[in-house]
Amino acid sequence: SQAIYHQSRDALLAGETWGEKDLNKVKKLIDMGFRVSVTGGLDVDTLKLFEGVDVFTFIAGRGITEAADPAGAARAFKDEIKRIWG
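Heads up: the sequence shown begins at 1 in my numbering, then just goes up one per residue.
Some hints here could point you the wrong way.
[Claimed, not checked] Simulated crosslink set (BS3-like; lysine-lysine; CA at most 30 Å straight-line): (1) K78 x K48; (2) K82 x K27; (3) K48 x K21; (4) K28 x K78; (5) K48 x K28; (6) K25 x K48; (7) K82 x K25; (8) K28 x K82.
For the record, the hints were derived by calculation from the structure and aren't laboratory data. From a predicted model like this one, the values you see are computed outputs, not experimental measurements.
The whole structure should be built from the sequences, with the hints applied where relevant.
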């Protein structure tokens, strides 16, 4: 089974950021047997928070499409994911 953990745009606009509370929820879902996808306001620096966590996939929309260089942003995501998870 798969679950998607999403940080809402409203939360991000209200100043919330990815943090331990999100990490704990993602870990709990993984411990329950879900393959967890993470999305919502992700940037390359956010990926470090999930190091050591078996995230199934990251869905990066605006972090790529709204970048000054979308192709470069996509490469940066790919490189950081490869660096952290091999």
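Against the structure, the hints come out as follows:
The hinted pair formed by K78 and K48 meets the criterion: a straight-line CA distance of about 13 Å does not exceed 30 Å. This hinted pair checks out: K82 and K27 have alpha carbons roughly 20 Å apart, not beyond 30 Å. Of the pairs offered as hints, the one joining K48 and K21 holds, with about 15 Å between alpha carbons and a cut-off of 30 Å not exceeded. Restraint check for K28 and K78: the C-alpha separation of about 25 Å stays at or below 30 Å, so the hint holds.
Our distance criterion of 30 Å between C-alpha atoms is met by K48 and K28, whose separation comes to about 18 Å. Taking the CA atoms of K25 and K48, the gap is near 16 Å; set against the 30 Å cutoff, the hint holds. For a cut-off of 30 Å, the pair hint linking K82 to K25 stands: about 23 Å separates their Cα positions. Note on K28 and K82: the hinted pairing holds, with a Cα-Cα distance of about 24 Å set against a maximum of 30 Å.
Violated hints: none; the structure is consistent with every hint.
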